[in-house]
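For this one, chain A is given, so just place chains B, C and D with the ligands on it according to the hints.
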Amino acid sequence: MKVINITKEFDSKFIEQVAKESGENPYLCYQCGNCTAGCPFTEFFDYPVSQIMRLLQQGQKETILRSKAIWLCATCETCTTRCPCQIDVAQIMDTLRVIARRENYVSEKEIKLFFDTFLESLKKHGRVFELGILLAYNLKSGKIFTDVDLGPKVLLKGKIHLLPTKIKGQEKVESIFRKLAERVSGNE
Amino acid sequence: MPQESKKELRIIGFLCNWCSYGGADTAGVSRFKQPTDLRIVRVPCSGRVDPLFVVRAFLSGADGVLVSGCHPRDCHYSDGNYYARRRLEMLKRLLPFFGIDDRRFHYTWVSASEGERWQRVVTEFTKVIHGLGPLKIEEGEEIG
Amino acid sequence: MRVGVFICHCGNNIAGTVDVQKVAEEMRKIPGVAYSTTYVYTCSEPGQNEIIEAIKKYKLDRVVVAACSPRMHELTFRKAVEKASLNRYFLEMANIREHISWVGDDKELNTQKAIDVVRMAVAKVMNNKPLFSSSFKLTKRVLVIGGGVAGMQAALDCADGGLDVVLVEKSPSIGGMMARLDKTFPTIDCSICILGPKMVDVAQNERIKLYAYSEIEDVKGYIGNYEVTIRKKATYVDWNKCTGCGLCMEKCPSKNAYDYFNFGIAPTRAINIPFPQAIPKKAKIDPNYCRYFLKGKCGVCAKICPTKAIDYDMKDELVKEDVGAIIVATGYSLMGVENFPEYGGGKYKDVITGIQYERILNASGPTGGHIKRPSDGKEPETVVFISCCGSRDKSVGIPYCSNFCCMYIAKQAILTKDHLPKSQSYVFYMDIRAPGKGYDEFTRRAQEEYGVRYIRGRVSKIYPRGEKLIVRGADTLLGIQVEVEADLVVLANAVISNPDAAKLAEKLRISYDTFGFYVESHPKLRPVETNTSGVFLAGACQGPKDIPASVSQGSAAASKVLALFSKDVLESDPQVSYVNPNVCVGCMKCVKTCPFGAIKEEELRDGRKVAKVIETVCAGCGICTSTCPCGAIQLQHFTDNQILAEVYAFASGK
Amino acid sequence: MNNRRYAYYSGCSLESTAREYNESLKEVFRLLNIEIKEPEDWSCCGSSPAHTVDPLLACALGARNLALVEKMGLDVVIAPCPSCFTVLKRAHLKMKKDPEVRKKVNEVIDEPYNLKVSPKSALQILYEDVPPEKISEMVVYEIPELKVAPYYGCIVTRPPEVAEFDDAENPISMDRILESAGIEVCDFPFKTECCGAAFGIAKKEIVNRLSYKVIQMAKDSGANCIAVCCPLCQQNLDLRQGQINRLMGTNFQIPVLYFSQLLGLVFGISPKRLGIDKLVVDASWITRSMRKAEKKVGNKEKEPEAEEE
Ligand SMILES: Cc1cc2nc3c(=O)[nH]c(=O)nc-3n(C[C@H](O)[C@H](O)[C@H](O)COP(=O)(O)OP(=O)(O)OC[C@H]3O[C@@H](n4cnc5c(N)ncnc54)[C@H](O)[C@@H]3O)c2cc1C
Ligand SMILES: Cc1cc2nc3c(=O)[nH]c(=O)nc-3n(C[C@H](O)[C@H](O)[C@H](O)COP(=O)(O)OP(=O)(O)OC[C@H]3O[C@@H](n4cnc5c(N)ncnc54)[C@H](O)[C@@H]3O)c2cc1C
Ligand code: SF4
Ligand code: SF4
Ligand code: SF4
Ligand code: SF4
Ligand code: SF4
Ligand code: SF4
Ligand code: SF4
Ligand code: SF4
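Protein chains in written order, with our numbering: chain A, 1 to 188; chain B, 1 to 144; chain C, 1 to 654; chain D, 1 to 309.
Please note that the accuracy of each hint is not assured.
Unchecked claim - Derived EDC-like pairs (lysine to aspartate or glutamate); straight-line CA-CA distance at most 20 angstroms:
#  : chain 1 : residue 1 : chain 2 : residue 2
1  : C       : 83        : C       : 106
2  : D       : 213       : C       : 342
3  : C       : 140       : C       : 571
4  : A       : 109       : D       : 205
5  : A       : 172       : D       : 40
6  : C       : 349       : D       : 220
7  : C       : 394       : D       : 167
8  : C       : 251       : C       : 218
9  : A       : 179       : D       : 54
10 : C       : 612       : C       : 568
11 : C       : 22        : C       : 106
Hints listed in this document are in silico derivations from the structure and should not be mistaken for laboratory results.
Same shape as in the complex, but just chain A (with noise of 0.2 angstroms):
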């Protein structure tokens, strides 16, 4: 395992940037355990979210951005419920995937992806489309069978709209996104 030169590698700005904009405070942590112990997650992470939290404390930017954890973390607030410390882990997990994706660090391309997929079809319409969802992932993942084998089930039980509903207030949605992202080039 590598040495880390903690006097060197040790991102204060990182660790401001993050309490910041997640409002808690990563130095509250005091590495219980209780957060990892209840993650549903913990088995498929590569850095147990406790360990994200210590890594946070040392200010190793690169490690944490670089985790596969942040992008697999699915908010399911059972580290917020339990942390007696009282910080809302899911929130922290939320705000390291938000810089991640705006540093361009993607360690789970396919989550991101989908999550991509999801807002392009959300701006599209106003509503999602599932189906157009589903298509447009396995197209661009170059995985073009996924859940397949649930496709006839799904339609056959006619739960999904073959066509995707747009909503009259659909630019007002699409402005949403617009405005946004004019704010964000707007401060850079």
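Okay, now just chains B, C and D with the ligands, sitting in the frame of chain A:
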């Protein structure tokens, strides 16, 4: 903390014997330099500070009044500082009616071990008063 | 008026940055100042003599010493002026060292500041009045509240020192938490074997008057002279007749009463003696479960009792005792198991608390000392201990550490292995806190010799699978999730204050912290005193602590009381409030604000009601003085006039 | 009482994959005299993808819909889908707490939101606003063979500061509602364990493994049916049950119904209208084993329950 000009303003402080007076002593023992404008009156408890003292101080020429007691819950007399807080908060709201900027009056908590905090309190408060300049009360105004 | 002013150089400490000569000169200009001088070291013996001489020579009647902080030398100089036959309250100090010479470098400004401050002291001293302390008698009896190990120790030590002791215990027997324990760390000696003899000593000591199943109703008075009202709660059994034979308990048909002594681990009878070694060993009826009280019929116990001790009509009784000091040793409570829903507390029978496990381990407990789990009575093979349940957990409002659970977990894990050699224990912990003598060695032994598996991490959830409980936690050292299949789970539940702690504190006028634990005078230097003189603390009522610490405090509190009672009279501090009955309008605002209950209503001969300060209770805070709308109540030595004199002197320096 | 009017934000899923939730809920509300009205032209709440991109976006998407409700003059909006519920509630709380956020969000949405709406889940409405006796009164069928594992999923009650409803660790609202309707529930320890949530498409295997644990626990707890209140849970447990069986080598055949479907059944609404046939895992045995409930006389049946309370 040398003053820019030697012109001092008149600041009086009421400090409780157990905490803040001790805190000011601690600052002294640790040689934490402070502006020289402040004069200190020792009282047993911040709860002993009658709002009247503050008003009289202003009317007879003070430019700033500081009250400092024990931290809430640390009061030597169990809840004297709560009384103080309630009363002094009320006073602060009334001061503008006497034509006195309420920033000229400040109350705070400093414990006997907080020499550094005392230094900060004095320095900052003095700065505020210098920012406001000498107090001029309209002539003829009297307090009922 | 002839004031003398003495400005101290303190070597170079003051004279270095204050022009002391100039200050002395300025003082001479004040009308009423008869003498003003400087000296190198005023507190030294020649310095003090200088003052004494000057008082005589210049007929001074007031003295101001401008030197260091009064917190340092006020007493020194008070004694000095007293030697010159001046009342000690005719001395004032001006602090020109800590507040001036040490915190400012500019000599000119410092000197000006010193002149102002000394002038303020002169103004004040001119308004000073002579004050005299009065002496009063005291009752040399002590009240001990709480009969746990701390209270028993205090009671026994006081009795040994020749004092009469009144011991009031809320529950039917003394012994407290320690009486429930099986063995004690770090020596693993039997708890009741070392406590039992002490309990008997308490019962047999002629100087100790025990009120069991009693509570403090009211406390009046002040140090040296308290009048305490004690409520003897109805037991429905005449304890003068009851012999503790236990026949009633055997025959009582109401078998599902809650067992407070065993923390509900098994039921008891509506009439019961809490445990075999109970002191006093007397029966008591719990009317919440007794059929006679609930349904109006039964009466079995009354029929069976050989001494006819049962009395269904018994009422609470109030008795009064006079004492001169009070030791509070009311101990602690424990957070209920239902506070841990993620662990299935209250839902899964085999999730229990540490104290319940003590009862299971205990030979006189409900299982006769055989480890059987509550659900099906089977011997557990795997026992999981979880530390810090509720403690150090801000989300439930308890940020503090419960102090002794790390240790009793290690003890219980060792005892589990002793009882069931084939069993395996696990401990989920965050830190192991074992700072006492022999303590760390003890927790190491649990791991090294007894093979207890310590896992560093918290437990997040417990759920059943078949007969097992799955304990899901984290091993943070490995960074993984772990599961243990347990038969029994023991929670080290948080130590909390007694539910009635605040109520008792208010009766005694002592302070308590946010968590309901009593506050000592000084955490290091006066650990068993309170801010109310005459009231002392011992044991876990001040905060979680183990037996050695509780016993030390019991002895310490006793020694404080003995020291207090070594005097025949007490002297009061005259810096107290005084009501001028001619000015007082009887609004009683002061009565309501005084935090010490030192003011009472008094009827004058002309029928007018006015306030009156009980000098011995008044602590001298002056809150009443700033409350009184008429200026009728004045804190001596800090009167409105005295403080305003300083304010005006300050203003005249403009 | 009742006859209150609520806004009803069905959300995208209830328009498609979770249609049966939508329809069964509406039937149940109708029978209980709960009047609902959909905001016109509502848009998607953004669900989990939105907040992983930009917290403001998530807030804005929620706020836009809350503003629509506000315009209708209603103060409570029912969001049956927990995902929608959380987004709406968080948007509301965030804007309430932080004037800065409020300002920013109101700048990007078409109509400003003035904090006058409280979002609630369908469970919360049925638990808090409908007396249990009223539910019991509606019952006309009983299903004696049925034993239900009430599965709440992660976020209807969590975190407690957001949900402000029921108990985060051991929720009981669904249990009580179903019990009032004469349906037997089992003690189910995994009420709030996560099924894998929105990762069905991107991380199928994770979802399958997590959902497996939930189904297995339901089975171990003696349940033969799982009740849910979340479209994602339903999809993961029902639609993917076959995938799970293949991956884990199990042979689950446990129907996964919305709690509203179960209520509808005992209230006597036709299985077809409740969309029972839309379930992937066959639930026809449930409808087959239904039988007319004996009409309760007076309050006799309820007495023992009252004593327990
Ligand atoms: C599971 C467990 C295991 C432990 N094991 C050990 C161990 O092995 N070694 C060790 O050193 N420590 C151990 N302890 C700690 C030990 O219990 C305490 O240190 C000790 O009991 C403190 O004694 P105390 O007298 O201060 O308080 P307590 O034992 O709580 O006694 C207080 C007494 O005051 C009475 N009382 C309360 N309120 C009132 C009132 N208002 N009026 C009158 N009476 C009142 C109570 O009824 C009680 O009798 C253990 C604790 C637990 C929970
Ligand atoms: C770095 C450090 C920091 C600490 N900080 C804190 C703190 O912040 N808070 C706190 O509570 N505690 C603190 N402590 C602990 C604290 O020092 C002790 O608790 C305390 O000093 C113990 O007091 P004592 O009187 O028992 O022993 P000591 O202070 O050791 O005094 C014993 C005295 O006995 C004298 N003596 C020894 N042998 C003989 C002999 N044969 N004949 C005559 N005289 C003898 C010694 O010269 C000494 O003067 C700290 C300790 C250290 C090392
Ligand atoms: S539960 Fe909270 S305190 Fe514990 S490790 Fe996780 S974030 Fe830190
Ligand atoms: S919110 Fe994310 S990190 Fe927290 S428990 Fe759920 S999946 Fe794990
Ligand atoms: S009286 Fe105080 S200031 Fe003067 S020499 Fe003594 S210590 Fe120093
Ligand atoms: S009440 Fe009577 S029967 Fe019961 S223990 Fe006392 S003497 Fe024995
Ligand atoms: S009267 Fe009460 S206490 Fe006595 S035997 Fe009957 S139930 Fe028991
Ligand atoms: S003593 Fe140990 S188990 Fe108890 S609260 Fe403190 S650290 Fe936790
Ligand atoms: S507040 Fe003043 S006037 Fe009122 S009762 Fe007390 S002393 Fe008398
Ligand atoms: S000085 Fe303080 S303690 Fe004394 S009577 Fe007044 S308020 Fe009470």
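Status of the hints after comparison with the structure:
no.: 1; hint: C:83 to C:106; verdict: 37 angstroms, violated
no.: 2; hint: D:213 to C:342; verdict: 18 angstroms, holds
no.: 3; hint: C:140 to C:571; verdict: 15 angstroms, holds
no.: 4; hint: A:109 to D:205; verdict: 16 angstroms, holds
no.: 5; hint: A:172 to D:40; verdict: 13 angstroms, holds
no.: 6; hint: C:349 to D:220; verdict: 19 angstroms, holds
no.: 7; hint: C:394 to D:167; verdict: 18 angstroms, holds
no.: 8; hint: C:251 to C:218; verdict: 38 angstroms, violated
no.: 9; hint: A:179 to D:54; verdict: 13 angstroms, holds
no.: 10; hint: C:612 to C:568; verdict: 26 angstroms, violated
no.: 11; hint: C:22 to C:106; verdict: 15 angstroms, holds
Hint violations for this structure: numbers 1, 8, 10, all remaining hints satisfied.
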